[in-house]
Structures are given as structure tokens and as C-alpha cells.
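Engineer: For this one, chain A is given, so just place chains B and U on it according to the hints.
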Amino acid sequence: MSRSRSSSLVATTAAVALAATACGGGGPGGTAADTDAAITIFNTEPENPLVPGNTTEVGGSHVLDPMFTGLVEYDGDTAQPTNAMAESVETTDSTVFTITLKQGWTFHDGTAVTASSFVDAWNWTAHGPNATQGASFFSQIAGYDEVHPADPDGADGPLAAPAPTTDAMSGLEVVDDHTFEVTLSAPFSVFPVTLGYEVYAPLPKAFFDDRAAFEAHPIGNGPFEYVSRVVGQEVKLTRYDDYRGSDGPKFKDLTLKVYQSRESAYADLVSGSLDFMEELPPNALAGQKYQTDLGERVVQKETLNNQTIAFPFYLAPYDNADLRKALSMAIDREEITQKIFEGSRIPADGWVHPLTKGYRAGQCGEYCTYDPEKAQEHLARSGYTGEILLESNTDGGHQEWAEAVANSIKNTLGLDVRFVPATSFGDFRQKVNAHEMKGMYRAGWIADYPSIENWLNPLFRTGASSNDGLYSNPAVDAKLAEADRAADEEQAAALYQEAEKMMAQDVPSIPLWTQNTIAGRSERLTVAKLDPFRSLDLASVEVG
Amino acid sequence: MGRYVLRRLLQMIPVFLGTTFLIYVLVWAVPGDPFAGKCGERDCPDSYVSAMREEFNLDDPVVVQYGEYLLNLVRGDFGRTSSGVEVSDRIVETFPVTLRLALVALVVEAVIGITAGVVSGLRNRGFLDSLVLVSTLFLISIPVFVTGYVVQLVFGLQLGWISPTVSTPTFGGLIVPGLVLASLSMAYVARLSRASISENRRADYVRTALAKGLPQSRIVGVHVLRNSLIPVITFLGTDLGAFMGGAIVTEGIFNVPGIGGLVFRSVQTKEGAMVTGLVTVLVLVYLVMTLVVDLLCAVLDPRIRYE
Amino acid sequence: MSDPSAAAAGAALGADARVTAAEGGPERQDRPRGLFGDAWRELRARPLFWISVSLISLVLLLAAFPALFTSADPAFGDLGRSREAPSADAWFGYDNQGYDVYARVVHGTRASIVVGVLATLGTVLIGSVLGILAGFHGGWPDAVVSRVADVLVGVPFVLGAIVVLSTLNAAGSASATRIVAQVVLSIALLSWPVAMRIMRSAAVAAKQQDYVKAARALGASPRRVILRHLLPNCLAPVLVYSTIALGAFIGVEATLSYLGIGLRQPVVSWGVMINGAKDYIRVAPHALLFPAGFLTVTVLAFVMLGDAVREALDPKLR
Numbered sequence: 017m018s019r020s021r022s023s024s025l026v027a028t029t030a031a032v033a034l035a036a037t038a039c040g041g042g043g044p045g046g047t048a049a050d051t052d053a054a055i056t057i058f059n060t061e062p063e064n065p066l067v068p069g070n071t072t073e074v075g076g077s078h079v080l081d082p083m084f085t086g087l088v089e090y091d092g093d094t095a096q097p098t099n100a101m102a103e104s105v106e107t108t109d110s111t112v113f114t115i116t117l118k119q120g121w122t123f124h125d126g127t128a129v130t131a132s133s134f135v136d137a138w139n140w141t142a143h144g145p146n147a148t149q150g151a152s153f154f155s156q157i158a159g160y161d162e163v164h165p166a167d168p169d170g171a172d173g174p175l176a177a178p179a180p181t182t183d184a185m186s187g188l189e190v191v192d193d194h195t196f197e198v199t200l201s202a203p204f205s206v207f208p209v210t211l212g213y214e215v216y217a218p219l220p221k222a223f224f225d226d227r228a229a230f231e232a233h234p235i236g237n238g239p240f241e242y243v244s245r246v247v248g249q250e251v252k253l254t255r256y257d258d259y260r261g262s263d264g265p266k267f268k269d270l271t272l273k274v275y276q277s278r279e280s281a282y283a284d285l286v287s288g289s290l291d292f293m294e295e296l297p298p299n300a301l302a303g304q305k306y307q308t309d310l311g312e313r314v315v316q317k318e319t320l321n322n323q324t325i326a327f328p329f330y331l332a333p334y335d336n337a338d339l340r341k342a343l344s345m346a347i348d349r350e351e352i353t354q355k356i357f358e359g360s361r362i363p364a365d366g367w368v369h370p371l372t373k374g375y376r377a378g379q380c381g382e383y384c385t386y387d388p389e390k391a392q393e394h395l396a397r398s399g400y401t402g403e404i405l406l407e408s409n410t411d412g413g414h415q416e417w418a419e420a421v422a423n424s425i426k427n428t429l430g431l432d433v434r435f436v437p438a439t440s441f442g443d444f445r446q447k448v449n450a451h452e453m454k455g456m457y458r459a460g461w462i463a464d465y466p467s468i469e470n471w472l473n474p475l476f477r478t479g480a481s482s483n484d485g486l487y488s489n490p491a492v493d494a495k496l497a498e499a500d501r502a503a504d505e506e507q508a509a510a511l512y513q514e515a516e517k518m519m520a521q522d523v524p525s526i527p528l529w530t531q532n533t534i535a536g537r538s539e540r541l542t543v544a545k546l547d548p549f550r551s552l553d554l555a556s557v558e559v560g
Numbered sequence: 029m030g031r032y033v034l035r036r037l038l039q040m041i042p043v044f045l046g047t048t049f050l051i052y053v054l055v056w057a058v059p060g061d062p063f064a065g066k067c068g069e070r071d072c073p074d075s076y077v078s079a080m081r082e083e084f085n086l087d088d089p090v091v092v093q094y095g096e097y098l099l100n101l102v103r104g105d106f107g108r109t110s111s112g113v114e115v116s117d118r119i120v121e122t123f124p125v126t127l128r129l130a131l132v133a134l135v136v137e138a139v140i141g142i143t144a145g146v147v148s149g150l151r152n153r154g155f156l157d158s159l160v161l162v163s164t165l166f167l168i169s170i171p172v173f174v175t176g177y178v179v180q181l182v183f184g185l186q187l188g189w190i191s192p193t194v195s196t197p198t199f200g201g202l203i204v205p206g207l208v209l210a211s212l213s214m215a216y217v218a219r220l221s222r223a224s225i226s227e228n229r230r231a232d233y234v235r236t237a238l239a240k241g242l243p244q245s246r247i248v249g250v251h252v253l254r255n256s257l258i259p260v261i262t263f264l265g266t267d268l269g270a271f272m273g274g275a276i277v278t279e280g281i282f283n284v285p286g287i288g289g290l291v292f293r294s295v296q297t298k299e300g301a302m303v304t305g306l307v308t309v310l311v312l313v314y315l316v317m318t319l320v321v322d323l324l325c326a327v328l329d330p331r332i333r334y335e
Numbered sequence: 063m064s065d066p067s068a069a070a071a072g073a074a075l076g077a078d079a080r081v082t083a084a085e086g087g088p089e090r091q092d093r094p095r096g097l098f099g100d101a102w103r104e105l106r107a108r109p110l111f112w113i114s115v116s117l118i119s120l121v122l123l124l125a126a127f128p129a130l131f132t133s134a135d136p137a138f139g140d141l142g143r144s145r146e147a148p149s150a151d152a153w154f155g156y157d158n159q160g161y162d163v164y165a166r167v168v169h170g171t172r173a174s175i176v177v178g179v180l181a182t183l184g185t186v187l188i189g190s191v192l193g194i195l196a197g198f199h200g201g202w203p204d205a206v207v208s209r210v211a212d213v214l215v216g217v218p219f220v221l222g223a224i225v226v227l228s229t230l231n232a233a234g235s236a237s238a239t240r241i242v243a244q245v246v247l248s249i250a251l252l253s254w255p256v257a258m259r260i261m262r263s264a265a266v267a268a269k270q271q272d273y274v275k276a277a278r279a280l281g282a283s284p285r286r287v288i289l290r291h292l293l294p295n296c297l298a299p300v301l302v303y304s305t306i307a308l309g310a311f312i313g314v315e316a317t318l319s320y321l322g323i324g325l326r327q328p329v330v331s332w333g334v335m336i337n338g339a340k341d342y343i344r345v346a347p348h349a350l351l352f353p354a355g356f357l358t359v360t361v362l363a364f365v366m367l368g369d370a371v372r373e374a375l376d377p378k379l380r
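Same order as they appear, the protein sequences are chains A, B and U.
Here the first sequence is numbered in this note's numbering, starting from 17 and rising by one per residue.
Here the second sequence is numbered in this note's numbering, starting from 29 and rising by one per residue.
Here the third sequence is numbered in this note's numbering, starting from 63 and rising by one per residue.
Here chain A stands alone, though its shape is the one from the complex:
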């Protein structure tokens, strides 16, 4: 059935750096908690071999995240980065960073975690011939182009990428067993914040000796170690007792069970045979039925993701700023979030997520406020009277709101607005990447790391990796570049905010809403919190 579009659903919500093991998320003391308990939580099928640098989708991240601890981890409440494996990350010019590791940490096979565990892992992930999904995260490090030469005509072209001249980035240098130095090719003030993302995890020597054996039985340095996996059904992990971090779990065994559909998982959650599910399906949200089904077992948390409508700037009439403003102002966000999402979404007032460090309220201003009259004015100014298309994949529960948005614009502006569903996420993404969209389209973003930079640079800078609509404003580019070079994070944040304000005049995309994720836990879990990256904060879990 269907409705098991789980794999694509995963993809939609992919690119999450989860920080399931954040510190400080502990509950009100562990009174009579069962520390040897086993719990089962919801997951989707991991789509790639279980190697941190090669998994950027949710199903795989949920497995790998508890198994690996990076240099920094993000707080389970506030999403703020704190040092985990790193003793310190120091820089004077935002270009050269000196990273010192904590001592005494071991991988699950007993070998020590050293500076080379990181450097080797990063070099391996960035190395072109290894063809990892996470390679591009290292593109800011000096020497990336040598280990990962660009394909001259893209993946679709007949030419192959030239062979790399070396397999080690010149910007990485091991100083001693517990210190290494990272040199970036250009100043990047928020680099330390990004380090909590999964692809920056260390890898043990065992990986480099025998990759196939590692994929069959991954070895990490995190609070949980790998036990077993039945493909298509479940992955079992258990507590790593020699874990040195402060975010060790208060239970023992963790089973990540694969469900084909959220609806069936929800049924299990209600009946108590599933302990946690991080996002309830639409049929549970409908009419807030989850309140009666789960009662006190509902878990809510604002999470670091948003939903937007992107424009194909390469296609008329979407290159018309007045039309874009008219469309944005014709969407009744308030009503849609209430009626379609039952309040589990919060209307957005800008392009940066409110939970992010550096967020400033109201950046989008009147352009993100429903105002039929002003919308009509802008429409009249644009002079457009034709058809408007809204494209979206429908496999991640996007049909409902997309239809409602189309209706809202249609009813407000009197334009012929059509929602055009695409059946699979892969097909949809391919068209987006190839700049072949025929109308405006659904876009969403989940923060890789909680920095204002992550909401702007990759999406709106000319030529940026995820600027699929080809938006380009030289003034905004210049401001973003200035922010990158800023001496400290404070100053950088201020400059990024300026760039966001400048962008607002162009309405480069329509911010719709951010998410107040509604999760559910079983009776057994006395405490279970959701982290800002939309997954269970494992360190917080207590079993009664």
C-alpha cells in the first residue's frame, strides 16, 4: 500500500543533522527508572550503506546518530552547539581552526579516537572516487578541489570527472594524537557550528581496513553500539558502556523498527506496542484526534524545518517581483495552518527559522501577511492574468496543503491556479535540479546546523548548491559574502540579517510556515523529548 511512500517521505525530510544525543536534556532526575529497559522507536528504512559520510537521509541518520558523537553536538532543547568530542575549537581569522580532542574516548571496538580518526574520515568522504553523498560538505576546506575535481559537464554529461591528484586535502593537518588543524579556502565564521553534522563524524581504523565488514557491522564512538539489522524490518542497538560523553542513555536496548506507513506505526503507538514516533500521520492530526488517542502521551516541539514555495526564476511570469508578492500575500497562512495542520504549523514571517541563532522576527513583513486587497494591487501592477501552476511531490503528505494554497490564491486573486502533483520525489527532485519546472514549486529546508547562515547561503546566493530556482541578486550576494568574512559570529549574524532584509524586497521564495512537530510516546516512557531536528532526544528518555 501504499501509502508506504516511506522511502520518499524520508528523502523529503532528509538532510537532517540530528543531535539525538544532546546534552542537558535530562528529565527530572531518574527516580525508579528502569535503566536496563529496551525500547522500540519508529524509523524508515535506511537507504544507503551505514557510513556517516554517505548517509544524508533520515532513516539512516536515525541509526547512525546514536552510534556516533561528533566534535560538537546540538542541545536537545535549544539546538545550540556545545563541544562533545572537541575539547576546544579555536580560530583567530575564521580561516584556520585548531581543534583539540578530549582524551580517553574509544570506538566500540576499543580503539582510541584520535585526530587521524577525524582527518582520515573527512579525507575519505571528500575523495571523489569514493562517491559519497556527503562529499560537498567539505568543499570549504582548502584542497577540496584536488581530491574531488568537478565533473566538467555534470553527472549527465558524457565526460567523466578527472582523477584526483591526491587523496588528502591540504587543509587538514594532524598536529598530534589529539589535535588537528583545519584550513579553509575562504573565511567562514560559522564553521564550528556546522561540525555537529553527521558527515563530520570520525571513523575507526577498521573502516579503512575493510569497508564491507564495517558496513555490515558499523563501529562508532557514540553512546550506542550496533547489534544487528534485519533489512526492511529493524535495526538493534545497545548501550555502549564505555561511553565517555555526558549524554549517555538511561536505558539499555534500542530497536529502530521500520514501518511501511506512518498510519500503521501510529496504530501501534496508540495500542502501546511502539514506544516513540517523532511525527504523527495526518489521520492522527485530523480533528486533533491524537489528543483523545494519546492524552498525556503527546510530545510537542518546535523543530528546525520550514516549508516554502520556490520560484523558477528562469521562467516567466515567475520572474516578476510584483506577481511573486501578490501570490505570497494571497495565501491565508493562518487559516491553512489551523484547518489543514490543526495548528501543528506556525505561519512564517521570514526565511530564517525562529529557533536559529541570529533569527530576527518579521523580516518578510507585509509580504508574508495575508492581505487580499494589497495582493490584488500587486497583481494589477504585474499585469499577469494567465494560469499559475503549483508543483509538488505528493508522497510526503504534501497534497493537502498544496491544494489548499492553490485554492487560497485562486479565491483571492481570481487567477486560474492549478496544483500539479508529481508522483515520486526522485522525479520531482530531478526536474527541480535540471531547472525544468513549469510553475512555482514546493521547497522545504531542514537545518543541517542551527545557524542563520544555513538558511540563506545555500538557498539564495547566486550559484549556491540548493538555489535551484536560480535566484540572483548581486547586492544580496555581496552582503552574504561580507557576512561570511565577519570576524565573529555576532557580527556575522547582523550582516546575514541585513541580507535577509534586502532579499525580502524580491520575495525570492514564499515562506509558508515552520513546524511545531507533534510526536507521541508510549506509557512506558516517563520522559521522552523531541529534539529540534525532529527526532527523539535519546538522552532524555526514561523508562518507568
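No lab work stands behind these hints, which were simulated from the structure alone.
It should be emphasised that the depicted structure is a prediction, and the values quoted were computed from it without experimental measurement.
No residue lacks a Cβ here, since even glycine has one placed at the ideal position from N, Cα and C.
One or more hints might be untrue.
[Stated by the list, open to error] With a straight-line cut-off of 20 angstroms between C-alpha atoms, the simulated DMTMM-like cross-links for lysine to aspartate or glutamate are:
| no. | chain 1 | residue 1 | chain 2 | residue 2 |
| --- | --- | --- | --- | --- |
| 1 | A | Lys268 | A | Asp257 |
| 2 | A | Lys426 | U | Asp140 |
| 3 | A | Lys426 | U | Asp135 |
| 4 | A | Lys426 | A | Glu389 |
| 5 | A | Lys305 | U | Glu146 |
| 6 | A | Lys221 | A | Asp136 |
| 7 | U | Lys340 | U | Asp272 |
| 8 | U | Lys340 | A | Glu358 |
| 9 | A | Lys268 | A | Glu506 |
| 10 | A | Lys221 | A | Asp258 |
| 11 | A | Lys426 | A | Glu416 |
| 12 | A | Lys118 | A | Asp309 |
| 13 | A | Lys266 | A | Asp93 |
| 14 | A | Lys454 | A | Asp432 |
| 15 | U | Lys340 | A | Asp309 |
| 16 | A | Lys390 | A | Glu358 |
| 17 | U | Lys340 | A | Glu416 |
| 18 | A | Lys373 | A | Glu318 |
| 19 | A | Lys118 | A | Asp192 |
| 20 | A | Lys252 | B | Glu121 |
| 21 | A | Lys252 | B | Asp117 |
| 22 | A | Lys221 | A | Glu231 |
| 23 | A | Lys305 | A | Glu351 |
| 24 | A | Lys426 | A | Glu393 |
[Claimed, not checked] In silico contact screen, one side only, chain U against chain A (beta carbon under 7 angstroms); selected entries:
| no. | residue |
| --- | --- |
| 25 | Gly139 |
| 26 | Leu141 |
| 27 | Arg143 |
| 28 | Ser144 |
| 29 | Gln159 |
| 30 | Gln327 |
| 31 | Asp341 |
Structural biologist: Frame of chain A; chains B and U shown alone:
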């Protein structure tokens, strides 16, 4: 007989080739790059996409791809998915689950269907007959996804009588999904056996048996039933194949880790090797089942001869 | 699963049983009458037949002239009235998007019926032509057609439809006609072997009949034999199959829409409505129950008709 079986087995070869080719080409023609959706909202690095295409021969013409696939298949290698899982492993894991589900459905269908059919066939035009007629008509006209959904909601969530999903795919755990899966065919079996029974009741040999003074139970149990069951068994046999591939909706609703969900996901993510492998196995099962059914009919009905 | 292959197999078996009956020919009574004349007399006397015929006429009327039944715009959605229960304004209430359920059910009839009718026509036409040719000629054409049919029958229906439709659904903006055509095509493509087998076995049986042998001995051309002698005698089983299949196909359309690969925006059909309403069954059951009810009743009507026709055409069952 031996020659007949041999001929039927030989006929399976072109069917096998046809099926694999057809499915392979169709999956190949499904739009969308299989690796475009693998990296979430961002583009996958070019190196990743190129390497994956290389590994799965996606840049070759489809005929060459199919040729390589077939060569490997003959050697017993079903290929791997893009996440590096052996297709044969997945088939070995999911196949028994779906087979179990199909068997449960088959038993349900046979027991309830035949019983209802026999009862109503013997009481021609009585109250029971009308009841069976109406209820089967009703069952036929409701789509399975409605039945499954309602059963899960009412009995699983509201009343809590059953577990809303299948936790362990054992025979016992699959009874509810089996019932749902069987509901449609059950109605057909009932109607088929009813028609068959009421036809045979008027046959000459029954009249002869009656005239001979045989007891009613023996006439019905031995003569009528045996002869009436031939078309029913034919139907049941081919239905097993239909169940195995047709369980997509049911498996999805009850989260049964079987072939259905796997195929559905594989089509959407363009896992050609996986889809082709699974469908090929299903078609072979179907062909073998039809052969078995034909042979079974010959056993039941001595008039049928194969040469 | 609303698997038409099951429906088909059921019908086929019934049909096979009846081929022998058809061969026997109708018993002559006072006035010479054909098989179909007898059947018609039989049918007229059955209330089930009249019930199904009137239901079907009503549905056809809905499909042909939806504007007669409602003036509301089925495409106008207003979230302000989302999920409101049935009232005097909207007899069937509003769904989650604030669409008028009654207007949509009425306007959705057309797509559902068109899919059912066209898919049946396609199935029966392809199947009958190939079946009768294969049955008549035998030899290698028969072998080829039969093996191709084996392939298609062996591929489970829904599975095949998923593969075919995913291929055809070259995403993006498809016109309503194209969306409907795709669904019709994929159903016909996967179902014709059933009609083919029914027709083929009927033709094989009829070929052995003395009157056909006589016609061939008298030098009638193959075309004449097929058209004048075989076809009229093989039509009955296929006719029965087609009425039952029609109902089944309407249900199949709903299942495909449920899986997200069948009909979709901007086409409105009962299946599309059921798919959209299923998540809200606990808060707005009316949005699901009305289209599901129409679907059930329509399928029921066609199945009943098929049933009545089958019994009427089969002298043994009278």
C-alpha cells in the same frame, strides 16, 4: 503425462524471458533519475551520481543492461539494490511472509467461501441463499482498501480487539490481514461453488444415485461435492498467485513486511533489479500453480486427460 | 485488493461452464427464437435486472449531465467551511478542503464511469479479436498470443498497474484527458488476456461444431466463418465477463487512486475523493462515505446486471 508436464515446463521459458524483459524495460522507463532523490532537498554530488550510474550500468542502452541482468540471473545472481542490499536476500526474507499471508487468505477463502457456496447451493432460492447472494455481492463491490482501513480502525483502534498492525508475521498474526485480503475472492468462491453445486445437483448421475437409494449425505458429500469442486479448485489455485502480488494494499495497511510494500517502494525508487526479481518470482509461482491446478483437476476428474 | 483478475477469473469460469451450454443451442419452442431472445424474455421477468438497469441509468445520467443535478462548482474550495457536516446547503457536507461533497460526487461520476466503460471496451475488443483469431487459427499465432497472455496474467494486476502507471506518469502537468487515458490504457493492457482466454476457449469449442465444419467444407472464407458463425456463438461468455469487469474496473480505478498513481488532480473521481478523505474518516466520515457509497452501489449494479445476464444466457441455470 510426463510429456505434458515437460511441455508446460518448456513453455515457461519464453514466458520467463518475456516477463523479465517487459518489467525491466518498464522500470527502466519510469521517469526520474533513481539517484536524484537520494540526498534530500539538496543535489547529490556529481561524483556520487556518476559512480552509482556506472555501478548499475545506467548509461548503457537498455538492451545491454537487460542482457547483463539476465546473464547474472542465469548465474543465480539477482543483483543488488542501490543501497547495497542483495536482492536475493530480500526475496528470501519477504517471500515467506507474503506466502504465509496468501496461504492464510487461501484457507479463509476456501473454508468460508466453499461453506457458504455449498449451503446456499443446496438450499436453492431459500433465505440462506439470498443472504449469501446479497452479502457476496456487497463484498465484491467494496474496494479492499476500504475494508482494510475500516477493520483496522474499528477493531484495532476503537474496540482494541485486534492488534492494529502485524507485529510478528506468523500464521496467527496474519489472520486479520488474511481475512481482509480474502474478502473479495471469498465472495467469488461462494458464488462459484453455489453455481457449480446447483448445476450438479440436477445432473443425471445424482438422479441415478438418488434412485439407487443412497443416503443424501453420501450423494452430496461424495458425488456432488467432488464434481463441483473442480472449477473452485481451479479458481483457488490461480488465486494464490493473485494473492501474492495483490497484497500490496493489505500489506501496507497492516504493516506486513512482505513483497507488496517492497515492490511498491522499489518501483518508486527505480530499483530495477529488485522489481524484476520479485515479479519474475511471482510469475513463476503463478505458472507453477496453474500447472499444479491442471494436474489436480485431472486427478479429480478422470475425464480430463493430458497427453 | 479489488483485483479484476479475480473478478475476471470468476467470470471466466462461469463463462467456460456456459460455453458448453451455448453449444447445445436453445431449445426450440413454439416460435423459433435465438439464445439472446430467450435471454431477454428471461431477463424481463427478473426484478434484480430492473433494479440494476435503473441504477445504471441514473449513474449514466449523472455522468452525462452533471449540471442537471447540481449548480455548485466542484472545484471551489473554501477552507472556512472545511469538514462541515451535511446540511440543507450542501446535502453531503464539505470535505477537508471545503469542497462541496455532493457537487464533487456528481461531477466525479463521469471520470469513474468513463474509466470503467473505456477500460472494459478496450479489454473486450483487444481480447476478443486476439482470442477469436487465436482460437480459430491455432498454430503459432495461438502459441504467441497465449504466451504473451501468460506473461500479463502472471504479473499480478495491481503490481503491473503500478509499474505501467509510474512509467506513464511522466510527471508534471498532464491534461485531464491524458490522465484518464493512462489509467484506461493500463487497465486494458493488463486485463485483455482474460477476455482473450474466454474468447479463445469459446472459439476452440465452437470450431468443433458441425455447422462450422460444414461452413468450412462449403468453402466459406475464414473471415466469413469467424464473423458469421463463430462470433455470434462466442459472444455470450465475453458479454457476461464484460458486465462484471466493468464494475470491477470502477473499483480498480479507486484502488489505483488510493495508491496515488491512478486519477489525480485536476480530474475528480470517486476514487480520488475516497483517497483524499480517508485520513479524515474519524472527523469527517461523510466525505468518505458518500463517494464510497456511490462507488459501491454502482459496482453492485453492474455486478448484479452481469449476474442476471449470466443466468439468463445459461439455459442450465434457469
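Engineer: Please go over all the hints and tell whether each is borne out by the structure.
Structural biologist: Evaluation of the provided hints:
1. A:Lys268 x A:Asp257: 9 angstroms, holds
2. A:Lys426 x U:Asp140: Distance of about 10 angstroms is within 20 angstroms: holds.
3. A:Lys426 x U:Asp135: 13 angstroms, holds
4. A:Lys426 x A:Glu389: 14 angstroms, holds
5. A:Lys305 x U:Glu146: 16 angstroms, holds
6. A:Lys221 x A:Asp136: 9 angstroms, holds
7. U:Lys340 x U:Asp272: 57 angstroms, violated
8. U:Lys340 x A:Glu358: 17 angstroms, holds
9. A:Lys268 x A:Glu506: Judged against 20 angstroms, a Cα distance of about 41 angstroms means the pair is violated.
10. A:Lys221 x A:Asp258: Since the Cα atoms of Lys221 of chain A and Asp258 of chain A sit roughly 18 angstroms apart, the hinted pair holds (cutoff 20 angstroms).
11. A:Lys426 x A:Glu416: Roughly 15 angstroms between the alpha carbons, so the hint for Lys426 of chain A and Glu416 of chain A holds.
12. A:Lys118 x A:Asp309: Not OK: Lys118 of chain A and Asp309 of chain A at ~46 angstroms, beyond 20 angstroms, violated.
13. A:Lys266 x A:Asp93: With a Cα-Cα distance of about 18 angstroms, the restraint between Lys266 of chain A and Asp93 of chain A holds, given a limit of 20 angstroms.
14. A:Lys454 x A:Asp432: This hinted pair holds, its Cα atoms lying about 15 angstroms apart.
15. U:Lys340 x A:Asp309: 18 angstroms, holds
16. A:Lys390 x A:Glu358: Judged against 20 angstroms, a Cα distance of about 27 angstroms means the pair is violated.
17. U:Lys340 x A:Glu416: 12 angstroms, holds
18. A:Lys373 x A:Glu318: Within the cut-off at roughly 14 angstroms; holds.
19. A:Lys118 x A:Asp192: Roughly 13 angstroms separates the two Cα atoms, so the pair holds.
20. A:Lys252 x B:Glu121: Answer holds: Lys252 of chain A to Glu121 of chain B is near 17 angstroms, not above 20 angstroms.
21. A:Lys252 x B:Asp117: Between Lys252 of chain A and Asp117 of chain B the Cα gap is close to 19 angstroms, so the pair holds against 20 angstroms.
22. A:Lys221 x A:Glu231: At roughly 13 angstroms apart (the allowed maximum being 20 angstroms), Glu231 of chain A and Lys221 of chain A satisfy the hint.
23. A:Lys305 x A:Glu351: Given that 20 angstroms is the threshold and the Cα spacing comes to 19 angstroms, the pair holds.
24. A:Lys426 x A:Glu393: 15 angstroms, holds
25. Gly139: Holds - the Cβ of Gly139 of chain U comes within 7 angstroms of chain A, reaching about 4 angstroms at its closest.
26. Leu141: 5 angstroms, holds
27. Arg143: 10 angstroms, violated
28. Ser144: 5 angstroms, holds
29. Gln159: Because about 6 angstroms separates Gln159 of chain U from the closest Cβ in chain A, which is inside the 7 angstroms limit, the hint holds.
30. Gln327: 6 angstroms, holds
31. Asp341: 4 angstroms, holds
Hints 7, 9, 12, 16, 27 from the list above are not met by this structure, while the remaining hints are.
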